[in-house]
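Trainee: Count the sequence shown with mature numbering (1 follows the signal peptide of the UniProt record, and there is no 0) and you get residues -21 to -1, 1 to 125, in order.
Rather than coming from a laboratory, the hints here were simulated on the basis of the structure. The reader is advised that the hints may include incorrect statements.
[Unchecked claim] Derived lysine to any residue pairs resembling SDA-like cross-links, with alpha carbons at most 20 Å apart:
hint	residue 1	residue 2
1	K104	T21
2	K58	G45
3	K90	G117
4	K90	K104
5	K125	T9
6	K104	V37
7	K118	N16
8	K14	G55
9	K14	R108
10	K118	I11
11	K82	V66
12	K82	T43
13	K51	N16
14	K51	M65
15	K58	A87
16	K104	K58
17	K104	D74
18	K51	R35
19	K104	E2
20	K82	G45
21	K118	D12
[Said to hold, decoys possible] Label pairs and their computed distance ranges (CB to CB):
hint	residue 1	residue 2	range
22	G117	E52	18 to 28 Å
23	D46	V99	14 to 24 Å
24	D74	D46	23 to 33 Å
25	D12	L116	15 to 25 Å
26	G101	K51	17 to 27 Å
27	E52	G101	11 to 21 Å
28	D54	A103	33 to 43 Å
29	G112	N47	29 to 39 Å
Heads up, the beta-carbon is just placed ideally off N, CA and C, and yes, glycines get one too.
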Amino acid sequence: MRKLTTLLALPLLALSFSVFAQETPVGTWTTIDDKTNQPKSTVEIYETRNGSLAGRVVEVLQSTQGDNPVCKECDGDRKNQPIEGMVILWGVTRDGDTWEGGKILDPASGKVYSVKMRPVEGGAKLEVRGFMGFSLLGKTQTWVRK
């Protein structure tokens, strides 16, 4: 009987871990263009050594600059650097069911915003809100898990 209980419990335990893993922003996401509603880029969000989350552009799917677009409007080290491979999200930490406290870069404008993120639809989508000052004064995009 004990073996049967263990055999039944293991798949449920594995399923609960996979569901929990999907409830985090960690993973690969397709960003959607606000104007065309078409896929714009692929972003990988990962956990850093200090436990915060960061994200880099893995692939640019749509660009007005053609192949190998660069961040023309960025400042400092990012100025004129390729957008593919660029870290655009950093310093994000968990606060309940949201992740916040970090920054997000808009490579099109070169502007850096505060960010809040929240997995929705069982982790299939990610609401990403960029804002300056107050969260109410911002813009939300929905990214789709790949």
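Trainee: Per the hint of 11 to 21 Å, is the separation of the Cβ atoms of E52 and G101 within bounds?
Mentor: violated, 36 Å
Trainee: Run the distance test for K90 versus K104: straight-line Cα separation, threshold 20 Å.
Mentor: Violated, at about 24 Å.
Trainee: Does the Cβ-Cβ separation between G117 and E52 fall within 18 to 28 Å?
Mentor: holds, 19 Å
Trainee: Given the hinted pair K118 and I11, is their Cα-Cα distance within 20 Å?
Mentor: With a Cα-Cα distance of about 13 Å, the restraint between K118 and I11 holds, given a limit of 20 Å.
Trainee: At the C-beta level, are G112 and N47 separated by a distance inside 29 to 39 Å?
Mentor: holds, 34 Å
Trainee: Measure nothing beyond the straight line between the CA atoms of K82 and V66; if it is 20 Å or shorter, mark the hint as holding.
Mentor: holds, 11 Å
Trainee: Sort out whether D74 lies within 20 Å of K104, counting only the CA atoms.
Mentor: holds, 18 Å
Trainee: If you check the beta carbons of D12 and L116, does the distance land in 15 to 25 Å?
Mentor: Given about 22 Å between the Cβ atoms, the range holds.
Trainee: Could you grab the alpha-carbon distance between K104 and V37 and see if it respects the 20 Å cut-off?
Mentor: Measuring from Cα to Cα gives roughly 18 Å; hence the hint holds.
Trainee: Does K58 pair with A87 here, judged by a C-alpha cut-off of 20 Å?
Mentor: The given pair, whose Cα atoms are some 12 Å apart, holds under the 20 Å limit.
Trainee: Take a quick look at whether K14 and R108 sit within 20 Å of each other, Cα to Cα.
Mentor: Cα-Cα ~17 Å, so holds.
Trainee: Between D74 and D46, does the beta-carbon spacing fit 23 to 33 Å?
Mentor: Since D74 and D46 have Cβ atoms about 39 Å apart, the given range 23 to 33 Å is violated.
Comparing the model with each earlier hint shows violations of hints 4, 8, 12, 13, 16, 20, 23, 24, 26, 27; every other hint is respected.
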